Every structure is written in structure tokens, then in C-alpha cells.
Amino acid sequence: MITLTVNGDDRRIDADPDMPLLWALRENLGLPGTKFSCGVGMCGACMVLVDGIAMPSCVVQLGSVDGAVVTTIEGVAADGVLSPVQQAWIDEQVPQCGYCQSGMIVAATALLAENPRPSDRDIDAAITNICRCGTYPRVRRAIHRAAEAATGSGGDGR
Amino acid sequence: MSMRAGRLTRRAFLVTGAAVTGGLVVGAGYLSSIDMTGLDGFANADGTVGLNAWIRIAEDGTITFAVPHIEMGQGIFTALPMLIAEELEIRLDGGNIRVEHPVDELPVYANYTLALDMRPEEATGPLYWAAKKVFGIFPLIVTGGSTSVVGSWWPLRVAGASARLMLAEAAADVWQVPAGECFGEDGHIVHRPTGRRLAYGELARAASAKAPTPNPPLKPASAFRLIGKPTPRLDVPAKVTGEAIFGIDVALPDMVHAAIRQSPVFGGTVRSMDAGAVRSMPGVIEVVDLGDAVGVVADSYWQASRAVAALPVEFDDNGNAGGDSARFLADMHRALDATEAHAFRDDGDVDEILAASDRVVEATYETPLLAHACMEPMNCTALFRDGEAELWMGSQSPLIARWGAQSGAKLAGTEAESVTTHVPLTGGGFGRRADGDLARQAAALAASVPGRPVKLIWSREEDIRHDTYRPHAVSRFRAALGLDGLPLAWDNRVVSQSLDRSYGDRNLPVGGGNPAKDHFSVEGAVDPAYAIPRARVELVDHATPVPIGFWRSVGHSNSAFFVESFVDECAHAAGIDPLLYRRGLLAGRPRHRKVLDMLAERSQWGRPLAPGRGRGVALHTAFRTIVGEVAEVTVGVDGALSVDRVVCVVDCGTVINPDTVEAQMEGAILFGLTAALHGEITIEEGRVAQSNFYDYRMLGLADAPAIETHIVPSGEPPGGIGEPGLPPALPALANAIFAATGQRLRALPISKSALRVA
Numbered sequence: 001m002i003t004l005t006v007n008g009d010d011r012r013i014d015a016d017p018d019m020p021l022l023w024a025l026r027e028n029l030g031l032p033g034t035k036f037s038c039g040v041g042m043c044g045a046c047m048v049l050v051d052g053i054a055m056p057s058c059v060v061q062l063g064s065v066d067g068a069v070v071t072t073i074e075g076v077a078a079d080g081v082l083s084p085v086q087q088a089w090i091d092e093q094v095p096q097c098g099y100c101q102s103g104m105i106v107a108a109t110a111l112l113a114e115n116p117r118p119s120d121r122d123i124d125a126a127i128t129n130i131c132r133c134g135t136y137p138r139v140r141r142a143i144h145r146a147a148e149a150a151t152g153s154g155g156d157g158r
Numbered sequence: 001m002s003m004r005a006g007r008l009t010r011r012a013f014l015v016t017g018a019a020v021t022g023g024l025v026v027g028a029g030y031l032s033s034i035d036m037t038g039l040d041g042f043a044n045a046d047g048t049v050g051l052n053a054w055i056r057i058a059e060d061g062t063i064t065f066a067v068p069h070i071e072m073g074q075g076i077f078t079a080l081p082m083l084i085a086e087e088l089e090i091r092l093d094g095g096n097i098r099v100e101h102p103v104d105e106l107p108v109y110a111n112y113t114l115a116l117d118m119r120p121e122e123a124t125g126p127l128y129w130a131a132k133k134v135f136g137i138f139p140l141i142v143t144g145g146s147t148s149v150v151g152s153w154w155p156l157r158v159a160g161a162s163a164r165l166m167l168a169e170a171a172a173d174v175w176q177v178p179a180g181e182c183f184g185e186d187g188h189i190v191h192r193p194t195g196r197r198l199a200y201g202e203l204a205r206a207a208s209a210k211a212p213t214p215n216p217p218l219k220p221a222s223a224f225r226l227i228g229k230p231t232p233r234l235d236v237p238a239k240v241t242g243e244a245i246f247g248i249d250v251a252l253p254d255m256v257h258a259a260i261r262q263s264p265v266f267g268g269t270v271r272s273m274d275a276g277a278v279r280s281m282p283g284v285i286e287v288v289d290l291g292d293a294v295g296v297v298a299d300s301y302w303q304a305s306r307a308v309a310a311l312p313v314e315f316d317d318n319g320n321a322g323g324d325s326a327r328f329l330a331d332m333h334r335a336l337d338a339t340e341a342h343a344f345r346d347d348g349d350v351d352e353i354l355a356a357s358d359r360v361v362e363a364t365y366e367t368p369l370l371a372h373a374c375m376e377p378m379n380c381t382a383l384f385r386d387g388e389a390e391l392w393m394g395s396q397s398p399l400i401a402r403w404g405a406q407s408g409a410k411l412a413g414t415e416a417e418s419v420t421t422h423v424p425l426t427g428g429g430f431g432r433r434a435d436g437d438l439a440r441q442a443a444a445l446a447a448s449v450p451g452r453p454v455k456l457i458w459s460r461e462e463d464i465r466h467d468t469y470r471p472h473a474v475s476r477f478r479a480a481l482g483l484d485g486l487p488l489a490w491d492n493r494v495v496s497q498s499l500d501r502s503y504g505d506r507n508l509p510v511g512g513g514n515p516a517k518d519h520f521s522v523e524g525a526v527d528p529a530y531a532i533p534r535a536r537v538e539l540v541d542h543a544t545p546v547p548i549g550f551w552r553s554v555g556h557s558n559s560a561f562f563v564e565s566f567v568d569e570c571a572h573a574a575g576i577d578p579l580l581y582r583r584g585l586l587a588g589r590p591r592h593r594k595v596l597d598m599l600a601e602r603s604q605w606g607r608p609l610a611p612g613r614g615r616g617v618a619l620h621t622a623f624r625t626i627v628g629e630v631a632e633v634t635v636g637v638d639g640a641l642s643v644d645r646v647v648c649v650v651d652c653g654t655v656i657n658p659d660t661v662e663a664q665m666e667g668a669i670l671f672g673l674t675a676a677l678h679g680e681i682t683i684e685e686g687r688v689a690q691s692n693f694y695d696y697r698m699l700g701l702a703d704a705p706a707i708e709t710h711i712v713p714s715g716e717p718p719g720g721i722g723e724p725g726l727p728p729a730l731p732a733l734a735n736a737i738f739a740a741t742g743q744r745l746r747a748l749p750i751s752k753s754a755l756r757v758a
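Residue numbers (the numbering used here), protein chains in the order written: chain A, 1 to 158; chain B, 1 to 758.
Calculated directly from the structure, the hints in this document are not laboratory data. Fair warning: this is a prediction, and the values are worked out from it, not measured in the lab. The beta carbon of each residue, even a glycine, is placed where N, CA and C say it ideally should be. Everything hinted at is true.
Derived contacts from chain B toward chain A, CB cut-off under 7 Å, selection only:
(1) Lys239
(2) Asp249
(3) Ser300
(4) Gly427
(5) Ser459
(6) Asn692
(7) Phe693
(8) Met698
Chain A with its partners taken away, still in its complex shape (with noise of 0.2 Å):
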């Protein structure tokens, strides 16, 4: 048995410790949100935070993080308000598909948590999530949006 907390909520699951995170998620949760592609940990679809961290959560074998606690997409947002990133998405309309972007809006939360300005660079070597669609230039604005909003000043950081 594995005992998580699941976006504020404790979830015990009765699994395969090899199992991907992943997979526990959406399957043995209910949490669809965090999505699979590649299955080797280089797309970054499903990621979520372990412990505040972004993680390829495909990759994540559950027996690995016994304990610990985890945002998906849909604890992103507190008590329905949606979160600076999640605003700064639709402000700047970044989805298409929007099948890449719960792990992006993901990667972002994480990278705006260590760095509440990032310069393009800090973006780029960030956000190595893979987007079919190319809502790279959007998902750019989008975050330096969310980094504005968040930090209340007019500067872009960039």
C-alpha cells in the first residue's frame, strides 16, 4: 500500500510499486489530467510536482515516492481560483490541442516558484516540454504574464 497526498487530499493505493506514478494517477485516482505521450520522461506531459518539484511523472516509479506530495493540474488552482499561470494561459490563449499543456502549465508553476522573473533564457532552459501544436511562443508570453502578475511590477525581465 502507498500513501500519497494528492493535491491536499491523503490517497492510499493499492498497487504494482513499479507502476508509474503516472498511471496511479489517472487510473487508480481518477485524475486524467496528467497525460501520457512518450513514456520515457522527455516530452514532459505528465509532469507534476513531487515534493515541489517537477517530475516526468511517467517516468516516476510509485514505489519511489512513498509519502510524498503531489500537484497534478488539477490541484494547480486553489479552492477554484485559478492560478496566475492558468490565468496568464488564457489571457494569452496558449492552447490548442491543449493535450502538452496541463505538464507545461506544470513546468511553468515550478520554474516561476524558483524564479518569479525569468528572462527568456531561464525560459528556455526551463521548458523543455514538447508541444505539437508550437505554442512555444505563446506558452513565452504566457509566463512572463503570470511572472508579472505575480510579482505585481511592470518590468517584462526580460
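Fit chain B to the given chain A structure using the hints.
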């Protein structure tokens, strides 16, 4: 040849002919009975009412739009509601709007715009009356060819206006006033003389019984409130909270999960498997031989994928293990000199002019196979019970999915008499989801556990190795330049693998078309906008066992690279600026010239660049839309390439949602640049050598250029936007590299070539 006689025309006429004949046999009344207007109202069991095939209104005022096109990122779940809302006189931002892909496959949802290659408003007269109805019989529901807005522009505004008039009549009954005194405004019918108002929700039931107006007057463009205004997408909020449900997210009671392993060699089949070796693994329910693949059904996807990986299987390669990309390429080059070729265009005298010229430019280009790599891996959930199949899948065509499911049922030794398809959101389609393979496999797996839904998910490795690939091609040009440097004669021979044949053989009851005359292999090459006095454009088909499929802009992605690279070479041979050279070839093409002129201005075309930097231009027309792009690159002394900026000018006629046009241009450009820079699927020993994102590379955020899109204001009817931004990106990039380095890259992807600054 006329490009209007286009995409699926051969099949369209086959099918039309057959059905018109059939119609005569069963009586003309049969075709008459097929409703291709969709304007009648109806009442639903759930208390909602339909005002027509696209609009459902609940008493609380919630409006649900049925959009028979899959939302795969292109914004169609917003653009089509905008068309309806414009005439219906409602807001889209009031929180009462739902959009869904209808489960009912109504005849009027048939995409005859794609099949006939005609706008609905153009397809009039008795022949087209019959043809439309024939496509309604299946019905041919399909999202592709950048046709959704083109085909909906007229019918959906009519639907909105007709529904509004029905609501006005219902209100007029209530108030006992002439309907002509009532008008629609913000979800209400208003009585003009008295200012009385009734909400649509209150009127809907009575309105649904009113007779529709088949040809209601439509607003002039000057009166548009929504069309042409940047409008937030209706699907975006759910896509930032994780609530959006994609095909892979479907959850059903009692559902089980499946994974498969397909024959690594194309055309291979299962010789033997040892199901007993995995039956005792945790969660395993069934082990299924699918003929060319093996599948495991289990309690969870993880268990299914572990078991299928462990399953001992032997595949027969059926003689197809010799397939090899290097050999395909050599064969395609040899085929350039084949004695037999099909001429799609021959203006005459081409050989004579070339023979007499002392200014001949010649070049040969090549492009590889490409995968789609949709972010959402291929998947399909199927439920099979008592001869009925139900599917949940991101399908670009429920018709193809139905045929796929029926063939899957046969494979399992049973029949699917009816197939119901639910189409959720999907994580990218790009043409890949127009195939029936997933429905076939999922239906066969579901038949092994009747009554339980089976969710089949392919691994990324299966996805890359069993895609339906963008055709590979080789294209040779010879042009004789006149004294002004412009081409007098133009000889182009294309060698490519037929999409029509490969796709049709896999998916259509009538099978594939004649590969020697496949229009997809030369679309965009036959009739460039340029005035070329004498042209000949020919095709030689090159068959391989590799499955070929639709891909974002398909043939255009090859043709634009070939034609626009070669025009660039001609310009340089003539010593003329490449943008001015193109302008010189566009006499009598004011829309194209306007795109180029705007492009020159916005890209600051003439402004000098530092050494190692270069600009390249390309212009291409596809899917009724003209796109010009200028790419700006830097090549470092170490040969490192940076794509710094792409300026895009698009003339897509009337714009529905400008923000979506911009997003689609950005997306198509990045899709095209990814292909140009990195995209290559190679075949070794009959199988695909790549398997995941580490060897089938995608452009990342850090490498994405700044993109500026400018839209040419236009009152013309709308063109497509999902695909046409892609083709020019490849040649614009290659031409920019030439400008920066003097290196002419004639083979894609660019990553194969070492760049050096001259």
C-alpha cells in the same frame, strides 16, 4: 489541369455515379428523403429542443452546439459556434454555451465540401443536389483538408438565421404581433414597437415546431459583431484546469485496458504466440491474436503493457524485410528517368524550348517519410455487445472508424451491425486520426470481452513505428530562362508514393485509387500561382510497403519545398532578388502580389543583415489560402543554425477568429520547421528505425523563432487555415540558409547537412 477537380474527385464521381444509378433504381424519392439542410426543429427526450441539426436549447437558456468536426487544436469548437452565433444573435461569453461533437451521424453533417472540392454555396444544380445527398447517405463525416470553416461558412450562418426566425415567430405568437416586428438580440427576441423581450430558452419549444426558412437573408460583413473579432476559445478554460476530456481520458464503468505489439515489419503477420506464458501475469484478462499484431487486455494499462512486452511472439515478415530507405531513395532517383509518367499538365513545346535555351537551370530535391507524432498517442475505447459496437475515439472520421470497427469485428469472427462513435477532444490529429486502424484493433479486442469497454492505448514506440507516413518524394526541375530571367519553360517530374492508393487500400470499401495518377503526390506543384508560359508536370509512382497517410498539408508540404526552392534557384541564376522575381511572375494575381508586398514591408526584406545571417522567402497557395513567409536565420562560424524569426502574411479571405488564424499560422510554421530541421523516418530491414522523441526529434521552445503573423484584410469567402501555413515554412528556411551561407540544401531534413558560412 484545373485544381478544382481536386482531392477526392475520382472517388467522388465513382460514388456519385454508383449512387445516382442506385437512386434511379430505388426511385428518386429515396434521394429526396435525405435531408441535406438540417434546418427542421425537433424535441429531445431530455427536455431540450433542437432548433436544427446544430443548435440545441434548454429551458434554462443553455445552448449546445453540435459541431460535427473534431476539435484537435484548430479552434473549430469556437469558429463554427461563432458562425451560428453571429446570425442567432447570442453572445458566446455568457457562460451558457456548450459545444460537442454529435453522436448522431446526420446526413447533413457530411463533408461534401471536401469530397466535391467545392464550397456548399457553389455546389448547386441537379448533379450536386444528388451528389450531396449521396455523401449524406454514409454519411461522410470527416475533418480534414482545412475544410471545416469553408464548408460551414454558408450552412451554419443559414442555420443561425433560420433558428432566429423560428424563435421570432414563436415570440410573435405569444405577443400576437407580426413576426416581422420581432428581432433577435443577445439571446432574446425583442418586439421592436413595444420593447418587450422573451429569452430564447422560453421560446425554444414552440420555435422548434415552426417551419424553417431555407434561404434566410444573411448579414452583410459590415454588420458582423463576432466574425472577424478576436474571440477567446471556448475550449481553453478546461484545457488549463485539466478538466478537458480527451479520447485517452474516457472512463467507463467496468472498463479494462489493452496494449498491443504490432509486426515490426510492414506487411508482417503473427506466426505464433505463447499466450500461456503471460496469462498468469497480474491483471491479465485476454491475450488476442490480431493477425498483424498481438494484444493483451488487462485490469490496468500498466499490466497490459507489461504483459504484451513479455509475450513470446514470432512474426512472419512475408518477404517485406528488404525494405530500406537508402534503396527507396536510389529507386526514386532512378524513376526520374522512367519512360512512363503521367502528365498532370503539359502546355506543349517544353522539350523544344529547353533544348534551344542556353540558360537552363536544373535541380533535384528530395524529402523523407515523416511521422505525425501527435502528443496524444493513438488510442480507442470500444465496447462490443450483441452485434453492436460503441467507440470513444479522437477520430477525424466516424465513417472510417465505423468501417474500421466492422472490420475488427470480422477479424474477431463476429459482426458489428451497428457502430456508434463518440468523438471526444483529441491531442493533435494532423491527418493521422483519419485512419481506421485503431477502431479495427479496439473492436477486435473488445469482442474478446463482450460487454466490457476496452481502452486500447499505443505506446509512443508503436505510434512512431506504425504511423501512416507523409509520403517521401524526389522532384526534378529543368527551366529555361528568358532574357528577362523569368522561366519560358518548366519541366518538373515528381516521384512519390501514392497516398490515395495506400490510404484507400487500408480504409475504403472501394480500395485505393490509381497510384500513377494520384493528385496528392503533385498537389501544389501542378498549378503554382506563377505565370509560366510552358510547363509540364509529371508523376511517377513509387510503391513501397510503407503505409502512407494524410499529414498536415500532405502533398503541399513536399511541393512547396520543391517549387519554392527551385524558383529561388531560378531567381539567383537570373541575378534577380528572389522576392522581386516572384513578384514578376505574379502578373494578374493581385491577391498573391499583395501578400508578397506586405511580406516585403513587414519583414524589412531589403534591410541588410550581418554576415552569417540570411533571409529566405516562400509563397504558396493551398486549401484556398495564400501564405507568404520570410524566415531569418543565423549560421554561426561553427555551422550552428538558429532560426531567429519568421514573418508570415496570410490571405485566407474572410477571417472568422483572427486570434485562431494567428495561432494556426504559428503552429503550422513550427510544424513545418520541425519537419525541415529534424523530421525523418527511415526504414531499415522493412521496419522503422526511429521509435520515440529521442530519435524522432521535435523542435523545442528554446529553438522556436519569434513569429509574426499579418492578415490581409479581405472580403472574399473564407479559406482554410489549419494547414496552409505549413508548406512555405520549409522552403523559406532553406532559402534563408542559402542567403546566409551560399549552400543550397536540396535534401531534407536540414540536420543531415553540415552548414558552413562562406
